[in-house]
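Participant: In case you want the letters, here they are:
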Amino acid sequence: MNEAIKDLLYRMADDELIIGHRNSEWTGLGPILEEDIAFSSIAQDQIGHAVANYTLLNEHFGEPVPDVIAFSRNEKEFRCSQFVELPIGDYAFSLMRHFLFDHAESLRYARLSDSSFAPLAALAKKIKGELKYHTLHADLWVKKLGMGTEESHARMQTALNEAFPYALGIFEPSKYEEELVAEKIAIGETALQTEWLDVISPLLQRANLTLPKLPIKERVYGGRQGYHTEYLQPLLDEMTEVYRLDPAATW
Amino acid sequence: MTTSLDPRIRRADLEHAPASGGLMQNEHWEPFAVFHQDKRGAAHEFVGIVHAPDPELALAFAKEQFGRRKKTVNLWVVRSTDIFTFQHEDDDMFSTIPDKNYREASGYPVRKRINKYLDDLKTLAKSKYLDHMEEESG
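Protein chains in written order, with my numbering: chain A, 1 to 251; chain B, 1001 to 1138.
No lab work stands behind these hints: they were computed from the structure.
It is possible that part of the hints are untrue.
Cβ pair distances, simulated, as ranges [unchecked claim]:
(1) A:G48 - B:R1008: 33 to 43 Å
(2) B:K1071 - A:V242: 29 to 39 Å
(3) B:V1047 - A:K217: 17 to 27 Å
(4) A:V242 - B:H1132: 50 to 60 Å
(5) B:F1084 - A:G148: 27 to 37 Å
(6) B:D1006 - A:G226: 23 to 33 Å
(7) B:I1009 - A:K217: 36 to 46 Å
(8) B:T1123 - A:V68: 58 to 68 Å
(9) A:G48 - B:R1010: 23 to 33 Å
(10) B:A1042 - A:Y227: 52 to 62 Å
These numbers come from a predicted model, not from an experiment.
Backbone N, C-alpha and C define an ideal beta-carbon position, used for all residues, glycine too.
The shape of chain B in the complex, shown without the other chains (with noise of 0.2 Å):
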């Protein structure tokens, strides 16, 4: 056996230490679904899975791998198995067909007048800018 250079691995003394039990099925900790909210208010987003014996352990871990490095104001941890879904098979349930296309928002010829708004909007605040700074270098 190779000697770590690790001397924390050295002191570990590996190729002595009593073999692991190994566990058995049914022993490994459960997956938890972890849904991360950055904003008080925002919706809280799905973000991973953390592996826990517990909720409260689950969301003590869950803060370290999600919370830690973007802006957390809040967590979720949910079973994994609490989570019911549809089957991949199952997608063509969601397919449209191609005729009804009016039941979508985007057949709706009001998005339009929408983003012209919106538009008229910004340009109007950009000449009002305009005015006020020649305004004050004036």
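Excised from the complex, chain A in its bound form (with noise of 0.2 Å):
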């Protein structure tokens, strides 16, 4: 059991982290401050996520603290979808990957509210508001580029085709899936699949876009198991590059 709740865990904060960390690449590049404070703004709160996630893990699973999980593994250890290690691309293709990933991640904790891990539920319920917000930011944007000029309708169109088959990976199912839908843990990856593509399907339409046509064995899978793009461990040497000089400096 605490394997399973374990290994959920490292899935949901390594996605959190990493698209976090994507995600602030943009500060102090962004197409317009006020976009930028805002997009900054929703990367934190992802880093946030992650932080509440291995606390638990600490807390709970006697792993280590936060900083010490974040920054001394390997690729081969992280738990992520390869979705959020994709390089930030343009803005069209970081906001569509926000909107899909903020959307599942949504649909997500509001399932784990209920969860019979009560700590996990205790923490959907406190990020509820956060995610709120960032779909309400996601959805705008898509809406409004997907509508706007011909150029950035075929941006957005081109960035929901490149990122559609790697986001379906965020639902790769682990091999505890069973367990978790058993315990009433968690509702499970295929469910939680279902209910996104219910939300997300009327949102593309209602901003001109359409959703590709994807035969099954397209989506991208791996992450999950450990199995990542050449653009993980980059990304990692990066974030990790100050924490190594000292790993026991204390901040």
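Relying on the hints, combine the two individually framed chains into one complex.
Facilitator: Written out as structure tokens, the structure reads:
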């Protein structure tokens, strides 16, 4: 049982840490000041959610403290989906990833607020408001750019086409799936993916964007088992550059 | 061109980035005035402006810029162009002629009586509290 919950927490936390780091790459480089501030703040929230999950791992399962978990593992030990590792691309891609990812997070945590693992249920309730803002922000941009100019529409559709196979990788089931569902820890990745498609489809349609028809074999799995893209290790090197100078330093 | 120490800037390869197309007149986002409310029922107070392409995004931006660092229950945004104002050089309309101070609330003697009443209340509350403490300890 413990192994199943640990795996779930690692999957969620690693997703949040890596996408938070990726999104923070826009800080200071965002398209306009107001948007830069909003997107940076969302990135900060995501890293906060990672810390919260690493803290649960530390307090309930005897894993190391959050900084050590975040900065000391190698690529193979990360359980994030490949989706969050991809480079930021252009702003259309980053916005589309934000839209697809934060809707998945929002639904995941909404369901986890009923989890039989009480500390996770409490965390889910606590961050509900933050996720509501994330999806509001994403929905506004997807609609605005999807229905904007010919160019903005084309760029958002291209971003969706590129992102979608990877986004399905968020829902890559783990070997603990049945156990997590049976013990009412989580509703399971398959059910979550169905809910996610039900939510994003009308929103994309409203924005005049078309969800790609995808042969099932094209969805990108592997991240949950430690198989990553060529982009993760350079990200980790950059993220841990200062930490590695003196891992025992106090801040 | 000097190389940046920031890996994000190096990746952006600004030297070879396409020149910005620039903005034509009237292509800038509009300013919106932001009004902040710190508790339900309190007045919304003007706190600053955000630039946004529409009111919905103005609200989304206002939330981050004005609703994050202090307690907030609600925000308003209003297009700055929808706020009508006097000219500053017309502020002489607001100056009161000295011999009409009977029109100002401060001209009424009742303020003194209100303050005295409030002071009395405070003194009474304090003495009651002290009595109570004495009873407790006694």
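Participant: So, for every hint listed, does it hold in this structure?
Facilitator: Verification of the supplied hints:
Look at G48 of chain A against R1008 of chain B: about 21 Å separates their beta carbons, and that is not inside 33 to 43 Å. Evaluation of the 29 to 39 Å hint for K1071 of chain B and V242 of chain A yields a pass: the beta carbon distance comes to about 34 Å. Under the hint 17 to 27 Å, the C-beta atoms of V1047 of chain B and K217 of chain A, about 53 Å apart, miss the expected range. For V242 of chain A and H1132 of chain B, the hinted distance range of 50 to 60 Å is satisfied, since their beta carbons lie about 58 Å from each other.
Here the CB-CB span from F1084 of chain B to G148 of chain A is close to 31 Å, well matched to the stated 27 to 37 Å. At about 30 Å, the beta-carbon gap between D1006 of chain B and G226 of chain A stays in the expected band of 23 to 33 Å. Checking the proposed 36 to 46 Å range against I1009 of chain B and K217 of chain A shows it holds: the Cβ atoms sit about 39 Å from each other. Separated by about 59 Å at the C-beta atoms, T1123 of chain B and V68 of chain A satisfy the suggested range of 58 to 68 Å.
Restraint check, G48 of chain A to R1010 of chain B: a C-beta distance of roughly 28 Å satisfies the suggested window 23 to 33 Å. The supplied range of 52 to 62 Å is met by A1042 of chain B and Y227 of chain A, whose beta-carbon atoms lie about 54 Å from each other.
Of the numbered hints stated above, those contradicted by the structure are hints 1, 3, listed in ascending order.
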